[in-house]
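Protein chains in written order, with this note's numbering: chain A, 1 to 127; chain B, 128 to 307.
Do not take every clue at face value.
With the Cβ distance kept under 7 angstroms, some of the chain B side facing chain A (calculated, not the full set) [what the hints assert, rightly or not]:
1) 174
2) 186
3) 194
4) 246
5) 247
6) 248
7) 256
8) 272
9) 296
Read the hints as simulated data drawn from the structure, not as lab findings. Where is the CB? At the ideal position from N, CA and C, for every residue including glycine.
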Amino acid sequence: MEVITIESSPKTPSIKFDSKQGKLEIKGRSIPENSVEFYKPLVESLERYAGAPTSPTQVDIQLEYFNTASSKCILDVLKKLETIHRQGNQVIINWYYEEDDEDMREAGEDYQAIVNLTFNMQQVELD
Amino acid sequence: MDIHDFYDKMDRNNILLSFKGDITAELLTSILQIIESKMDNMQEEPKLRKKVYIVLVELLQNLYHHMDDPSLEANAEMARTAIFMIGKENSHYNVITGNYIKNDRVPLLKKKMDEINALSPEEVKEHYKRTLNNGQMSEKGGGGLGMIDIARRTGKPLFYDFVPINDNFSFFTLNVVIEQ
């Protein structure tokens, strides 16, 4: 069993991953200069998790902004989840975007078009 | 140096913030915080605020990663500093960056930007998706997506210029216009 808890910072999102419960949450801003380094622990943990995943795996992604360097890393994370899904496990992706944020909705749709996973597009109201 | 003349120029161009020097991670954090609070004070629409912010992130991180380029080390003094300016005229924002670039890198960069500028907004979106999924990623995480993302978000061409400086270097300026 693995648990990852990363607090958010001005440039990085909070990450909570609990392999026992099959829950992953990524929330906040993702604009680090070195995104590969930041996402590495999560990607590696998902690789191990893919060996014996919980079903269903629930993923909540609620990003305010992300830079292009992060966009490739987020795709890496989604591809690991796609592998888990391909092995016959249920993977639920909830993609949150603020109500007027078409760019973030589109970003979710772009990912959905690339990976073979169903996204639940969840609109959240502005504060 | 005539500071009043300098002031006038910045004033006429409605410069909100400008910087010349080494681009560090700490500096990027500060610039982003300043701009964010300025836009907050100006009560910009959340949508425009987001657009300006993320375009700024891409442009500044381009400069930052460029500073890391090992090919520049031998010419550290000239090559490691950049200039950055953000201004607001009427309802649109202008972000201008300038940095030295090795002459041998100019043709490829120019070609990339020309390719992006020749695309329709729909094609830019497709180009972004393709590049995102092409599996290439530099160690820093950038995958040639930054410029495409800027064009995609602004819906405008990348206005650029290269001024030859000497046998080794040109000065590269990029002007990005962001509208609501």
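Determine which of the earlier numbered hints do not hold for this structure and return their numbers in increasing order. 2, 3, 4, 5, 6 and 9
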